[in-house]
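Student: Residues per chain, in single letters:
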Amino acid sequence: MQISGAQMVIEALIAENVDTIFGYPGGAIMNVYDEIYKQNSFKHILARHEQAAVHAAEGYAKASGRVGVAMITSGPGFTNAVTGLADAYMDSIPLVVISGQVPMSLIGTDAFQEIDAVGISRSCTKHNYLVTDAADLPRILKEAFYIARTGRPGPVHVDIPKDVTAQIATFDYSKPVEIETYKPTVNGNIRQIKKAVEAIRDAKRPLFYLGGGVIHADAADEIRELVKLTGIPAVETLMARGTLGFENPLLISMLGMHGSYAANMAMSETDLVIGLGARFDDRVTGKLSEFAKNAKVIHVDIDPASISKLVTADFPIVGDLKNVAISMLEISKEIVDKERYTPWLDTIANFNKLHPLSYKEDTPELKPQWVIQRVGELLGDRANVTTDVGQHQMWTAQFYPFSRPRQWITSGGLGTMGFGFPAAMGVKVADPERVSINFTGDGSILMNVQELMTTVEYKLPVINIILNNNYLGMVRQWQTLFYNKRHSSTDLSVQPDFVKLAEAFGGIGYRVTTKEEFDAALKDAVEKNVVAFIDVKVHRLENVMPMVPAGGSLFNMMLEYKEK
Amino acid sequence: MEEAARRVISVIVINEASVLSRITDLFSGRGYNITSLTVAPIPESRYSRLTIVTSGSVRVMEQITKQLHKLIPVLKVIEHADLVEKEMALVKFPITETLSEISALCSAYNGSIVNVSEELIIAMVADEPKRVDYFLAAAKRFHPREIVRSGAVALER
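So the protein sequences, as listed, match chains A and B.
At position 302 of the first sequence the residue is numbered 302 (our numbering), and the sequence of numbers has no breaks.
Counting the second sequence from 1 gives a position; our numbering is that position plus 564.
Careful: at least some of the hints might be erroneous.
With a Cα cut of at most 25 Å, we get these calculated DSS-like pairs of lysine-lysine [what the hints assert, rightly or not]:
| id | chain 1 | residue 1 | chain 2 | residue 2 |
| --- | --- | --- | --- | --- |
| 1 | B | K630 | A | K195 |
| 2 | A | K142 | B | K640 |
| 3 | A | K309 | B | K640 |
| 4 | B | K634 | A | K142 |
| 5 | A | K309 | A | K293 |
| 6 | A | K183 | B | K630 |
| 7 | A | K537 | A | K515 |
| 8 | A | K195 | A | K228 |
| 9 | A | K183 | B | K640 |
| 10 | A | K515 | A | K528 |
| 11 | A | K309 | B | K634 |
| 12 | A | K228 | A | K322 |
| 13 | B | K630 | A | K309 |
| 14 | B | K630 | A | K322 |
Derived CB-CB ranges, DEER-like [as the list claims (entries may be wrong)]:
| id | chain 1 | residue 1 | chain 2 | residue 2 | range |
| --- | --- | --- | --- | --- | --- |
| 15 | A | R540 | B | K640 | 51 to 61 Å |
| 16 | B | I598 | A | G119 | 13 to 23 Å |
| 17 | A | I190 | B | S619 | 34 to 44 Å |
| 18 | B | G595 | A | D116 | 16 to 26 Å |
Worth flagging that the hints you see were computed from the coordinates, not collected in a lab.
Think of the CB as a built atom: it goes at the ideal place given N, C-alpha and C, for glycine as much as any other residue.
Construct the entire structure; sequences and hints are all you get.
Tutor: Okay, here's the thing in structure tokens:
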């Protein structure tokens, strides 16, 4: 089939069964947008900022398990999208981001809206391409989708000069992808797996340490079975929330800087860390030399570079987590005796009793944690939950009752404020039956607030719950604790009328100061099924606790802070 | 902290646009050292071979190797243990220096005088990097005007 480069992009997206893309047109990508106009196979959602388009594609990808697609133009269109690429790179989200570029003849001349896009995206993508010949497009696009979704997933950027989108060449998408330099290891070494399970059998205080890789590998069912069969307790990272479900008796909680006392103490006292799809991030480990100090480490990951990067693995296993978990299950059935760990479980139960995750309702204003718990009670499994970044994000991770994988979508690695609202929009596209909730702060929400327009236009009723403390709360908390209360540039007393702001775009706004008002607002927003801002005035100086100060040891937690 | 030792690695990559930047970006982005780097296409293949001289602890080297492997166009990473390693140097001397003495020094380091013009002598040596250091130290007394080193190339024995 002889078609233009622009038509090839459309044909490739159709061949990849793409149903929705998020984007923003501009000069260099116009040929492709012209072809988008002519087709009916997939939907294009016009975000109102390129960064939001990429975050929406991320939300879509995480909720659906499929590759998210975003399309942008050259120059500023591309640079706006970089934060999204970096976010997806840090959290291993499969994306294909297609950008326009100035024509080949103008590359290198500082042309209008020219920037070295692949030069910029190189360090924040899994791979990238500058297409110099339309004849290469079918292969490159097919490789892009393949690379994005296989191995450790990640974003792939394809930069296409305008003249290449006009060039006519042969389109053949049937050739299987063959990259001789890229062959991810998917099956774990079975002897190594056996050794690891033997170590589990011999351990007295083993602990599952579950990371976001469990979700990417769609391995939650297998891991749930493995946890149940072995009777070994588990902690989840921020990215793994929802893996075991809040009702699972063996789930301790989240660990790390704002993990629960029990989770962090369990990690400090375990004699065998069973790390599955987790990468020993500094926000998880605290001081490395004190992390799980007396434990052997099993580390299963699809990415060999993650293994022994920070914590040396005694049992390194490279492979797809689903495959490895199935093997571990089979071997565990024969040799692991769950009774063995009863004393260890008692120890953990005591940790939990000593300092459970909690908060005090001791102020006239609402406590943000109550709001999150309340949404959990009212919507629970019916909602998918995204967040922005900051205190509200940590409270949501601590207090929302997550019951399934892919219910919880947050910016973990990069910590991108402005992620939540557009991501929630992508989630709503992927899973329209469920309520799409974005917990956000009065700081974060303004970073992609223009998406009110997109969500109203496309009837994607995201409910944004703004936990409004008139502060950049997390930075304020650090300033209170470590900078002698010098609240430098974190006071957000001056802020918009969020109700009117939502209304100005055609959404609906609520201002809430009491529990009754909150219940009524949430109920109304869910029933009306419209884009909503619920502006909840919460106690200004609430802190996220427990807290492991940066660089501190996990077992040295600050459990509360008393205002002096 | 474990001592950072000198290491030599070879990387076989698909010979395509921007592949070198991928490698150097990786080193700069993750804070690894490059002491020297040479690259040229492998004859009759679609690959190029890089020889990178770097330094780091065993742990850092393991990360460098793994991170290089992660790059899509990288076919193979060879961490050399038992290797033959050579480097070339070109040195300009003023013609006022004694030709025969320079020539004798060069031949001790596997080299020779490769060009003589009205004002300058250019000498070449090709030897192990450490020995190139010695040569350059010895050559100092002939007042070298300009020195260029090629960076090391290596093959596993």
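Student: Could you run down the list of hints and mark each one as holding or not?
Tutor: Right, here's what the structure says about each hint:
no.: 1; hint: B:K630 - A:K195; verdict: holds (23 Å)
no.: 2; hint: A:K142 - B:K640; verdict: holds (24 Å)
no.: 3; hint: A:K309 - B:K640; verdict: holds (20 Å)
no.: 4; hint: B:K634 - A:K142; verdict: holds (19 Å)
no.: 5; hint: A:K309 - A:K293; verdict: holds (16 Å)
no.: 6; hint: A:K183 - B:K630; verdict: holds (14 Å)
no.: 7; hint: A:K537 - A:K515; verdict: holds (11 Å)
no.: 8; hint: A:K195 - A:K228; verdict: holds (20 Å)
no.: 9; hint: A:K183 - B:K640; verdict: holds (12 Å)
no.: 10; hint: A:K515 - A:K528; verdict: holds (20 Å)
no.: 11; hint: A:K309 - B:K634; verdict: holds (14 Å)
no.: 12; hint: A:K228 - A:K322; verdict: holds (16 Å)
no.: 13; hint: B:K630 - A:K309; verdict: holds (10 Å)
no.: 14; hint: B:K630 - A:K322; verdict: holds (22 Å)
no.: 15; hint: A:R540 - B:K640: 51 to 61 Å; verdict: holds (58 Å)
no.: 16; hint: B:I598 - A:G119: 13 to 23 Å; verdict: holds (19 Å)
no.: 17; hint: A:I190 - B:S619: 34 to 44 Å; verdict: holds (37 Å)
no.: 18; hint: B:G595 - A:D116: 16 to 26 Å; verdict: holds (23 Å)
In this structure, every one of the numbered hints holds.
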